[in-house]
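Heads up, the sequence shown is in the working numbering, so the first residue is -9 and it goes up one at a time.
Calculated from the structure, these hints are not laboratory results.
Wrong hints could be hidden among the right ones.
[As the list claims (entries may be wrong)] Cross-link-like lysine-lysine pairs, in silico, DSSO-like; alpha carbons within 30 Å at most:
id, residue 1, residue 2
1, K90, K74
2, K54, K70
3, K81, K(-6)
4, K(-6), K63
5, K65, K90
6, K65, K54
7, K81, K70
8, K74, K(-6)
9, K48, K65
10, K81, K63
11, K48, K63
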Amino acid sequence: MHTKTMEGLVGASTNVNLLNTPMRVFKEARRRGDTATMERAMEYAGDFSERAEKYQVKANEGMKEEAEEAREKEKLEREKAIEKRREEKEKLEDTVAESKDTKADTVEGSEDTAKPVTVKEPVIYTKTGGVSQGEQSSNISVSV
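Generate coordinates for the entire structure from the input sequences, incorporating the hints supplied.
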């Protein structure tokens, strides 16, 4: 918390509390009908009230200054974050550009390592587990 704000709040609170005493004296003097004491008590009450208002103004100024400082700090933090993102983006773009420039590893095979691939016809098994040699044709009819 800003020093000016704390001073204003404490001063205003103290003077409002001090205002209670002359107000109590004023009420007792009014009950007795002592106008001189009532006037003195109101002078004290007015002084404490004015001081409390001055401290309240000081507290408000302190809070405004504190809010302005917080806004500026937040703005600086945002700018730092934006700059950091830019740097990260540039690094990423450099990395991508470097990976495009370098050739990818390739695998080359020789005839010695290549094995011929044979394609077999589909096989149909019988109930006993043997391979059926004959051609089977299947007719599918759909009636509507």
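Comparing the hints with the structure gives:
no. : hint        : result
1   : K90 x K74   : 24 Å, holds
2   : K54 x K70   : 24 Å, holds
3   : K81 x K(-6) : 45 Å, violated
4   : K(-6) x K63 : 19 Å, holds
5   : K65 x K90   : 38 Å, violated
6   : K65 x K54   : 17 Å, holds
7   : K81 x K70   : 17 Å, holds
8   : K74 x K(-6) : 35 Å, violated
9   : K48 x K65   : 26 Å, holds
10  : K81 x K63   : 27 Å, holds
11  : K48 x K63   : 22 Å, holds
The structure fails hints 3, 5, 8 (numbered hints given earlier, in ascending order).
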